[in-house]
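From first to last, the protein sequence lines stand for chains W and R.
Okay, so the first sequence: first residue is 1 according to this note's numbering, each after it adds one.
Okay, so the second sequence: first residue is 113 according to this note's numbering, each after it adds one.
Mixed in with the good hints, there may be bad ones.
As the list claims (entries may be wrong) - Pairs of lysine to aspartate or glutamate residues, derived as DMTMM-like cross-links and limited to a Cα-Cα distance of at most 20 Å, are as follows:
(1) W/LYS56 / W/GLU3
(2) W/LYS99 / R/GLU165
(3) R/LYS169 / R/GLU187
(4) W/LYS99 / R/ASP141
(5) W/LYS2 / W/GLU45
(6) R/LYS169 / W/GLU3
(7) W/LYS67 / W/ASP78
(8) W/LYS67 / W/ASP83
(9) W/LYS56 / W/ASP78
(10) W/LYS2 / R/ASP152
(11) W/LYS70 / W/GLU3
(12) W/LYS104 / W/ASP83
(13) W/LYS56 / R/ASP152
(14) R/LYS121 / W/GLU45
(15) W/LYS42 / R/GLU194
(16) W/LYS104 / R/ASP152
(17) W/LYS42 / R/ASP152
(18) R/LYS169 / R/GLU212
(19) W/LYS104 / R/GLU187
(20) W/LYS67 / W/GLU15
(21) W/LYS99 / R/GLU212
(22) W/LYS99 / W/GLU57
(23) W/LYS99 / R/GLU187
(24) W/LYS99 / R/GLU174
(25) W/LYS70 / W/GLU15
(26) W/LYS42 / R/ASP113
(27) W/LYS67 / R/GLU212
(28) W/LYS99 / R/GLU166
Because the hints were derived from the structure by calculation, they are not lab data.
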Amino acid sequence: QKEVEQDPGPLSVPEGAIVSLNCTYSNSAFQYFMWYRQYSRKGPELLMYTYSSGNKEDGRFTAQVDKSSKYISLFIRDSQPSDSATYLCAMQSGGSNYKLTFGKGTLLTVNP
Amino acid sequence: DSGVTQTPKHLITATGQRVTLRCSPRSGDLSVYWYQQSLDQGLQFLIQYYNGEERAKGNILERFSAQQFPDLHSELNLSSLELGDSALYFCASSVSQSTEAFFGQGTRLTVV
Chain W
1 QKEVEQDPGP LSVPEGAIVS LNCTYSNSAF QYFMWYRQYS RKGPELLMYT
51 YSSGNKEDGR FTAQVDKSSK YISLFIRDSQ PSDSATYLCA MQSGGSNYKL
101 TFGKGTLLTV NP
Chain R
113 DSGVTQTPKH LITATGQRVT LRCSPRSGDL SVYWYQQSLD QGLQFLIQYY
163 NGEERAKGNI LERFSAQQFP DLHSELNLSS LELGDSALYF CASSVSQSTE
213 AFFGQGTRLT VV
């Protein structure tokens, strides 16, 4: 079983839709959770960072973490064509191992 | 612009050769990560340095090595290159080992 599972999509939605992106994980040591957006052939851009269960909101983006279910989500409200990209979840356990473990990414297309 | 600078942006080289990829972290960041991204594998963790010391190692090949210098820039050395080493190589940096990581724009390596 992979440490981090993410549905690769592709996901196609109309402009203005609410988008839900999800990752599950198996390593209960993960403490820090991130969402990155990556445009084609560019570096991943950090969108959200959280280290506790619950919700964190930033503009049109809401990150949700449920440690008991080992499940994280990213919601995008009022999606725009410029949101079309690959979304990657990433997790980090801390302690003596700080590597970021990534999901494979979900390709999102927002159609005007 | 994340503040992480990677050079060169593109590199084309022949099999069997050796190349060096360079990363300048954001000002004040002590931790540097290296990742490899190929189409079928997603973002694979290679190695992490913190303030000049190696702190975590992923599935990095023996032909690959890295170091972080006193001025905190880092270099990734790839030797005896094979066609399968063609990929995007990303560097990321963070202030400490458990804070959000910011990625550079990557070096696209093509081995012919």
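Tell me if the straight-line CA distance from R/LYS121 to W/GLU45 falls inside 20 Å. holds (17 Å)
Do the alpha carbons of W/LYS56 and R/ASP152 lie within 20 Å of each other, as the hint requires? violated (31 Å)
Taken at face value, is the distance from the CA of R/ASP152 to the CA of W/LYS42 at most 20 Å? The hint holds at about 17 Å.
Starting from W/LYS104, check that the Cα of W/ASP83 is at most 20 Å away, please. Holds, because 18 Å separates the two Cα atoms, which is no more than 20 Å.
Please work out if W/LYS67 and R/GLU212 have their alpha carbons no farther apart than 20 Å. holds (19 Å)
Take the C-alpha atoms of W/LYS70 and W/GLU15, compute the straight-line distance between them, and say whether it is at most 20 Å. Judged against 20 Å, a Cα distance of about 30 Å means the pair is violated.
CA of W/LYS99 to CA of W/GLU57, is that 20 Å or under? Cα-Cα ~25 Å, so violated.
Between W/LYS42 and R/ASP113, is the straight-line Cα distance small enough, at 20 Å or below? holds (11 Å)
Within 20 Å, alpha carbon to alpha carbon, are W/LYS56 and W/ASP78? holds (17 Å)
Are the Cα positions of R/LYS169 and R/GLU187 separated by 20 Å at most? Given pair R/LYS169, R/GLU187 holds - Cα atoms ~15 Å apart, limit 20 Å.
Straight-line Cα separation of W/LYS67 and W/ASP83 no greater than 20 Å? This hinted pair is violated, its Cα atoms lying about 27 Å apart.
Regarding the pair W/LYS99 and R/GLU187, is the alpha-carbon distance no greater than 20 Å? holds (18 Å)
Going down the numbered hints, you'll see the structure goes against 1, 5, 7, 8, 13, 15, 19, 20, 22, 25, while the others check out.
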